[in-house]
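S.K.: Given chain A, put chain B in place with the hints provided.
Just so you know, the protein sequences line up as chains A and B, in that order. Residue 5 is where the first sequence starts when you use the working numbering, and the numbers rise one by one after that. Residue 5 is where the second sequence starts when you use the working numbering, and the numbers rise one by one after that.
Derived by calculation from the structure, the hints in this document are not laboratory data.
Once the Cα atoms are required to be at most 35 Å apart in a straight line, the calculated DSBU-like pairs of lysine-lysine come out as: (1) B/K131 / B/K429; (2) A/K393 / A/K556; (3) B/K429 / A/K471; (4) B/K131 / A/K567; (5) A/K155 / B/K575; (6) A/K471 / A/K429; (7) A/K573 / B/K548; (8) B/K567 / A/K429; (9) A/K90 / A/K520; (10) A/K573 / B/K145; (11) A/K429 / B/K471; (12) B/K205 / B/K145; (13) A/K556 / B/K567; (14) B/K378 / A/K575; (15) A/K513 / A/K205; (16) A/K429 / A/K378; (17) B/K520 / B/K8; (18) A/K575 / B/K556; (19) B/K8 / B/K90; (20) A/K109 / A/K45; (21) B/K556 / A/K548; (22) B/K145 / A/K567; (23) A/K429 / B/K429; (24) B/K471 / B/K573; (25) B/K294 / B/K548; (26) B/K320 / B/K525; (27) B/K548 / A/K429; (28) A/K320 / B/K567; (29) B/K537 / A/K548; (30) B/K567 / A/K145; (31) B/K320 / B/K239.
Label-pair ranges, simulated between beta-carbon atoms: (32) A/R388 / B/P383: 23 to 31 Å; (33) B/S390 / A/P178: 37 to 45 Å; (34) B/K45 / A/R388: 19 to 27 Å; (35) A/T249 / B/E387: 57 to 65 Å.
Just so we're clear, the structure is a prediction, and the values are computed from it rather than from any experiment. Virtual Cβ for every residue (Gly too), placed ideally from N, Cα, C.
Protein chains: 2
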Amino acid sequence: MSDKRFALGIDYGTNSVRALIVDISTGEEVGTFVHNYIRGKDGIILDDTDANFARQDPHDYVEGLQASVTSAVREASSAPDFSVDKIIGIGVDTTGSTPIPVDAKGVPLAFSDEFKDNPNAFAWLWKDHTSHQEAEIITQKAHEWTTDYTKYSGGIYSSEWFLAKVFHLANVDPAVYNAAASFVEHCDWMPALLCGNTNPKTILRSRCASGHKAMWNAEWGGLPSQEFLSSVSPKLDGLSAKLYTDTYTSDTKVGGLCAEWAAKLGLPEGTAVAVGAFDAHFGAVGAGIKPGSLVKIMGTSTCDMMVAPELHAQIKGICGQVDGSIVPGMIGLEAGQSAVGDIFAWYRDQVRWGVDNLLQSDLSDRTDLSERAKANALPLLTERASSLKPGQSGLLALDWWNGNRTVLVDVNLTGMILGLTLGTKPEEIFMALVEATAYGGRVIMERIEEYGVEVNEVVTCGGLAEKNPFLMQIYADVTGRPMKVSRSAQTCALGSAMFGAVVGGAYAKVEEAQEKMGGLKDVVYTPKPENVKVYNRLFALYRKLHDSFGTKDYAENLYPVMKELLDLKRKSLSN
Amino acid sequence: MSDKRFALGIDYGTNSVRALIVDISTGEEVGTFVHNYIRGKDGIILDDTDANFARQDPHDYVEGLQASVTSAVREASSAPDFSVDKIIGIGVDTTGSTPIPVDAKGVPLAFSDEFKDNPNAFAWLWKDHTSHQEAEIITQKAHEWTTDYTKYSGGIYSSEWFLAKVFHLANVDPAVYNAAASFVEHCDWMPALLCGNTNPKTILRSRCASGHKAMWNAEWGGLPSQEFLSSVSPKLDGLSAKLYTDTYTSDTKVGGLCAEWAAKLGLPEGTAVAVGAFDAHFGAVGAGIKPGSLVKIMGTSTCDMMVAPELHAQIKGICGQVDGSIVPGMIGLEAGQSAVGDIFAWYRDQVRWGVDNLLQSDLSDRTDLSERAKANALPLLTERASSLKPGQSGLLALDWWNGNRTVLVDVNLTGMILGLTLGTKPEEIFMALVEATAYGGRVIMERIEEYGVEVNEVVTCGGLAEKNPFLMQIYADVTGRPMKVSRSAQTCALGSAMFGAVVGGAYAKVEEAQEKMGGLKDVVYTPKPENVKVYNRLFALYRKLHDSFGTKDYAENLYPVMKELLDLKRKSLSN
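Just chain A, same shape as in the assembly (with noise of 0.2 Å):
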């Protein structure tokens, strides 16, 4: 037992940073803490002027590494057989688009005299979305560009990616733009920290972060042109050089821990550390991604991962499309849901806001009722649409809460609800956005198969797949396929870890780490036919709208869709 091996992984999060360190030969998880950040909103940077404003402060990142990795490590030594020692690597994955403004060293802009109270020298949280305009210039460009270099990201670029978030800074604060000598990605500037260079001229750059949001691609060699750039905005002269080239995989090796960084965290000098990349990408491969296999991260919002040897033909709507960025050697696809749980939160939020509106007078000494009716608002809600059967609600949403990522790529849509009547109930309307949801996921699995790439089996992961039995039933029902739960529930550290193994040397490929470390639940969560052939005629339905308003192509009369959903109720009330 004495040759027992672990690997760390740090996965951060919007709010908190996780460090999990786990057995490489059976995937045992034997020390996690979360540490959540201290600065700002729950960790996040707001402006109360401006709801698009999103930043961080880079110092909560390195006090985040610190705290997470000595607790778990602490946790962890409690385990028979563990000792520091049998760390042999490390992988780190974090949120993004995230990019934050470095001067020639790679320090953070953010930790001088000069700019450390100034958020437009802090990391750009992935949610910021104050460059909307800047990314529809870029989009424009870009489909004008003798390259589309939007092509494999969906056909738009979005407020939220890098590039974009640069050109913003340099039209609302040159100073900070022209002190930054580069601008590095979360997910790059941690391993780099971890290793003692943080130099942006030699810092590894994620294929994963750069492939997805920064348009690089090794088809027109690397980022957009100096010339695109340019065409751009004339304040964007010069930042290619600040950029770079190549970029890389997350089985290559960045170096070793370096003394410094060793001696905080309590674990061996040298210790090898991997390229960063993503958290839904890392929790896809510690969800057990592989070819035919649909990754669900399903949370706040949904990441739908697939990897294919090959592509025949950029899938339309698909957001991205990038070789290497979940499995080294295979094409990453990335699709998603812009609004899940955030959707049932807004919900959570409507049914309780009486409690918090309606009785001020008669309850202002008792503010703890105002957690206690959040902490039930969806479980009730739950409970009692768990007794409704499809169909029977008359409802019918579209699930746009927070705009539609994949297959439309639109932020300018809106949510809908349709079949309300004078009776209808709070827990009807929770089940059709707990519908509308699976509907909207299962418009992905449909293109993606359109466009060739089996869909063989789902694997879940995420809160909603740990904690929700009845939305995972609708899932099953509405797609007709059986949903499957990854074993962890931490699959972004675990796939961190995957990759820290690789590099410490203990497999040869991803692949491996996934066959040791990996795994199931034992439940599944099958389709019952009864109800997957109701759904059937409310995706019909939920695809008219979803074309019609969604599409500029698709015009059709929709006078069918209310009697349709009537009929159903009646045949559901009737059974």
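M.R.: Just chain B now, kept in the frame of chain A:
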């Protein structure tokens, strides 16, 4: 001053009956009383197993007559110059179609020992929908018949109406059907009772009730023929002989108050009693309806009433067009929205759901909070919505929570909310619901004007008009028309009193009674030009959805709808 004269109006609503005593030269209301029915749930006999079921025990009508009138007289007695002998006439309105099966003397079968516990022998309240299958058969047969008897009632015979209910009775309870010598509308039975002769052979039938709800029309010599009824079902053989040929407008005197009821009410024997009619029609009279005036009676639903000297064509989708049904000598037009206040009440129950459902264990001893939350909900939503600008929410709703009565005449339509985002707040949804009902009202106005009936003014009455300035301003802004408000808060009872004054001989025509006894409040809600502009754009989007989901002949790509809403939202927020 001693030559003052008064009239008595009696208004039977869904849950109560109101008596009102009015000075006929000024309209001053000197005595009023509301008696709540004591049987069933708020006066309605329900069937737990059938949501369509709604009956009333005619005992409530009889007891309520005495209770309300004697109390109104008592209040009036403290007014200067009032005495009961100065009451010159009585008018009565009721809900409808509310038919009552009666014996050969016109006594309700519900009063017999045999049927006193059988709700099929009771009054079939207007909102009883148990007859929907029969209504479909009647509609179908009418369309096939040489004369389309539905041509003056919107092309559809409703489950709420007289003949459908009689037919359903024949189907479900032949004993009651066969025992009935006739079927009498509630509004016909009350005046007959007051005059001491309820013989169904001689009872004066209301033009309003018969024309709007029983397909009576002079064009085909009265009710649909026995041949037609027999073609609907052989069970209806012989029905014509139980019914009637002639109908009467409410300027016709039924007779004088009989000795028995004079004694019960404390009024002079022989006081003139007018032919009855439906509440909304008398309400329109009480609100001052005249050619060019649209009267909106705004409560749980709306009735939109007009009169016109003549009509050049049937107005498509306007449910009723009957000569003399509102003002004798003019065509009465009846349109309406099947849910307005009911939609707001539904939403009130959504936002207060959390209070009743999320905190049971915490607040089991505070049952008062449920009522408190109920009372606070709409005022708070209104207050918060008042600071929103048109278009700011990005929302658009279709007001079909209870189907669409005018102009689509389709119960199989349902409500919809579009434009939802993660930031959508309850007060925004509430405002969108109010706006949707205003758009629905505008559709009615535009349809009427399309057919050459000009709407020169809008006079509103009813609970919403009295109590909700926020809603009234939106109606003015959405329609681009000033919203006037009837002076009386009880226009139905006032309209009844006006007809009482006519049959009492004080006025030759009801128009003269309106002139003296009616009037407007000082408040007028005037359209704000900047809001009208935004609402014109929103209404155009509403029309797109209305026609796409509500009609069979309209197909349009709806892609621009969400985009335009977001554009209006951005513009509204940047102003």
